[in-house]
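Q: Next come the chains, spelled out residue by residue.
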Amino acid sequence: MTLTDAQQLGYINAQAADGRVNVELETDDGMVLNMGPQHPATHGTLRLVARLDGEQVTSADVMCGYMHRGYEKLCEVRSYPQVTTLVNRIDWLGSFANEVPFILAAEQLMEVEAPPRAQWIRTLLFELSRIANVSLFIGDLALQLGAQTPAFYAFRDREFVLNQIESVTGGRFHPNFDRIGGLKDDLPKGWIAETKAAMVRLRAFCDEMEGLVYGNEIFQSRTRGVGIIPAAVAQSYGLSGANLRGSGVDWDLRRDANVGLVYDQLDWKVWTHPDGDSYSRCWVRLQEVREATTIVDQICDGLPSGAIMAKVPRIIKVPAGEAYIATENPLGQMGYYVVSKGDTGPFRVKIRSASFNNISIAPWLLRGVYVPDIITILASLYFILGDIDR
Amino acid sequence: MAEDTATASAEAPEIVIDERREELRAVFVAHLGEAVLDSVIKPGDGLWIRVATDAWAEAGRVAQGKADCKYFDFLSAIDWLPSPYGRYEDSALDVPFPPPMPERSAAVPGYAGGESRFQVLASVAKTGTDLRVLLKVDVPDDDPRLATWIRSYSGAAWHERETHEMFGISFDGNADLRNLYLPSAFEGHPLRKEFPLLARVVKPWPGIIDVEPMPGEDDEPSEGEGTE
Numbered sequence: 001m002t003l004t005d006a007q008q009l010g011y012i013n014a015q016a017a018d019g020r021v022n023v024e025l026e027t028d029d030g031m032v033l034n035m036g037p038q039h040p041a042t043h044g045t046l047r048l049v050a051r052l053d054g055e056q057v058t059s060a061d062v063m064c065g066y067m068h069r070g071y072e073k074l075c076e077v078r079s080y081p082q083v084t085t086l087v088n089r090i091d092w093l094g095s096f097a098n099e100v101p102f103i104l105a106a107e108q109l110m111e112v113e114a115p116p117r118a119q120w121i122r123t124l125l126f127e128l129s130r131i132a133n134v135s136l137f138i139g140d141l142a143l144q145l146g147a148q149t150p151a152f153y154a155f156r157d158r159e160f161v162l163n164q165i166e167s168v169t170g171g172r173f174h175p176n177f178d179r180i181g182g183l184k185d186d187l188p189k190g191w192i193a194e195t196k197a198a199m200v201r202l203r204a205f206c207d208e209m210e211g212l213v214y215g216n217e218i219f220q221s222r223t224r225g226v227g228i229i230p231a232a233v234a235q236s237y238g239l240s241g242a243n244l245r246g247s248g249v250d251w252d253l254r255r256d257a258n259v260g261l262v263y264d265q266l267d268w269k270v271w272t273h274p275d276g277d278s279y280s281r282c283w284v285r286l287q288e289v290r291e292a293t294t295i296v297d298q299i300c301d302g303l304p305s306g307a308i309m310a311k312v313p314r315i316i317k318v319p320a321g322e323a324y325i326a327t328e329n330p331l332g333q334m335g336y337y338v339v340s341k342g343d344t345g346p347f348r349v350k351i352r353s354a355s356f357n358n359i360s361i362a363p364w365l366l367r368g369v370y371v372p373d374i375i376t377i378l379a380s381l382y383f384i385l386g387d388i389d390r
Numbered sequence: 001m002a003e004d005t006a007t008a009s010a011e012a013p014e015i016v017i018d019e020r021r022e023e024l025r026a027v028f029v030a031h032l033g034e035a036v037l038d039s040v041i042k043p044g045d046g047l048w049i050r051v052a053t054d055a056w057a058e059a060g061r062v063a064q065g066k067a068d069c070k071y072f073d074f075l076s077a078i079d080w081l082p083s084p085y086g087r088y089e090d091s092a093l094d095v096p097f098p099p100p101m102p103e104r105s106a107a108v109p110g111y112a113g114g115e116s117r118f119q120v121l122a123s124v125a126k127t128g129t130d131l132r133v134l135l136k137v138d139v140p141d142d143d144p145r146l147a148t149w150i151r152s153y154s155g156a157a158w159h160e161r162e163t164h165e166m167f168g169i170s171f172d173g174n175a176d177l178r179n180l181y182l183p184s185a186f187e188g189h190p191l192r193k194e195f196p197l198l199a200r201v202v203k204p205w206p207g208i209i210d211v212e213p214m215p216g217e218d219d220e221p222s223e224g225e226g227t228e
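Protein sequences appear in the order of chains Y and H. The opening residue of the first sequence carries number 1 in my numbering; numbering runs sequentially from there. The opening residue of the second sequence carries number 1 in my numbering; numbering runs sequentially from there.
Hints listed in this document are in silico derivations from the structure and should not be mistaken for laboratory results. Each hint should be verified, as a subset may be incorrect.
To be verified - Straight-line distance between alpha carbons at most 30 Å, and here's what the computed DSS-like set of lysine-lysine pairs gives: (1) H:42 to Y:73; (2) Y:196 to Y:269; (3) H:193 to H:42; (4) H:42 to H:126; (5) H:126 to Y:269; (6) Y:350 to H:42; (7) Y:341 to H:193; (8) H:42 to Y:311; (9) Y:269 to H:193; (10) H:42 to Y:189.
The shape of chain Y in the complex, shown without the other chains:
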């Protein structure tokens, strides 16, 4: 299967043809509007081809793959500890949360359980990832609607969370901190107090955004009643996270299928909104950031002492078996189906990422909407390109 020069040339040509960005005008069938892959209103390189009738979308097609890195194939030639480095790059705004379900799946197959302190710190970092991720969404959302200031506020306040993540893990974006059997390190001195101060700051940010963005008349008129997803449709497309709860489905894996994290020992609430429109999805996310700050506070108060690593062999070999673990990540449910053959690396890893399902509803949802609403709807679905393409 070596490629000849002619094949390679054909491949490059095909790639160029697929990626050609243009606006075509057609006489009989309306106009084709090509948004992206380098369009200011898209996060990353998502390309949207919308067929228009006047201002109205008759059909929309999502083209992804500009960031396909083939992680499922790469996982097959990596050892278990190496996989976390890869999966860190899936949802790059809340990287730590990507590692957790994979590590939990490997732990389940090995029948290893992390010590309580490690579980608590995992949950803590998991929630900090959520705050780091979703707080940026709130600023970005306003940016997509034409307001610049909230984006700067979001970056400013997200910095406090990133600093906390950095001082534990050493990495602002890609912590690679979770280990099979526990964590790489313990919390640094004085970290708890700093984190609680940061959470106060983040709560103030949420209040500020609630007034500045969510209470804004323009924001409301552009999101309320736009892009409605009924609960049944949301389930059939496998939407998750705030997209599902924004449609009134009361399901949160943190509460309902908690594995390996300590959510069952904390006092918190799952937010839902019955409307199913763009506004409700954004609103649920805001509440979830606020809820996450209180979860972090509770963990800071209740953190048990003890070891942070269970006893695991130096060379990790996972017994043969299959495991599927999904967790409620910032973007929604993320799961890893891990097939092991008793080797040092997985035989097959299926990565179930939240954004892939979340964006797969776009062709259905965008049919019949007006062009400016495409932007708000896509923004409210909230995807990360790395999470779609993997």
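Since the structure of chain Y is already known, use the hints to place chain H on it.
A: Frame of chain Y; chain H shown alone:
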């Protein structure tokens, strides 16, 4: 105290019955009958059901309707053939290219068994609970083709596209099986085991250099037995 717990656990062997998952399985058995070929329950964790190839579409309808698993989680496939390229450090560095393909009989399926090289795997769930069904189905070796699930779950459309692109499995009834990630002229199916990972073929993985034993440890790290 310690003795008590030891004897107690010895007396009660670990036959844990997961009633909720047993019930869920019973729904599938009642509506699919003979088409449920095999099933596995890991108590408190998961339920795997393998159905016959020609009952795949029906299995989707039962899952969505009678079993009340309205939530579509994912659909993908597994290639059970061992990779002819081996795995990083234990693969021979001078493998002839292309390497000899492993025998078809080397493909050993996982939970709930199977007879084919490829299996399609789908997960559906019941919202508000931790109940989830992992449905497996054999895909014929000579003609990898299966019925579509899009009539039961709209979300299956993209997952089937991805599976078609990555494994070369066709889904009858899904009209839109264009490539999702790769250019349309791409040849081959990347997640099949015989598809080479070119980066690894041209340059062997250097990871082996790092696996030197720590000072003061035995020189047999490949056993994986020694704990710290």
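Q: So, for every hint listed, does it hold in this structure?
A: Comparing the hints with the structure gives:
no., hint, in the structure
1, H:42 to Y:73, "27 Å, holds"
2, Y:196 to Y:269, "20 Å, holds"
3, H:193 to H:42, "28 Å, holds"
4, H:42 to H:126, "17 Å, holds"
5, H:126 to Y:269, "20 Å, holds"
6, Y:350 to H:42, "19 Å, holds"
7, Y:341 to H:193, "14 Å, holds"
8, H:42 to Y:311, "24 Å, holds"
9, Y:269 to H:193, "45 Å, violated"
10, H:42 to Y:189, "41 Å, violated"
Violated hints for the displayed structure, listed by number in ascending order: 9, 10.
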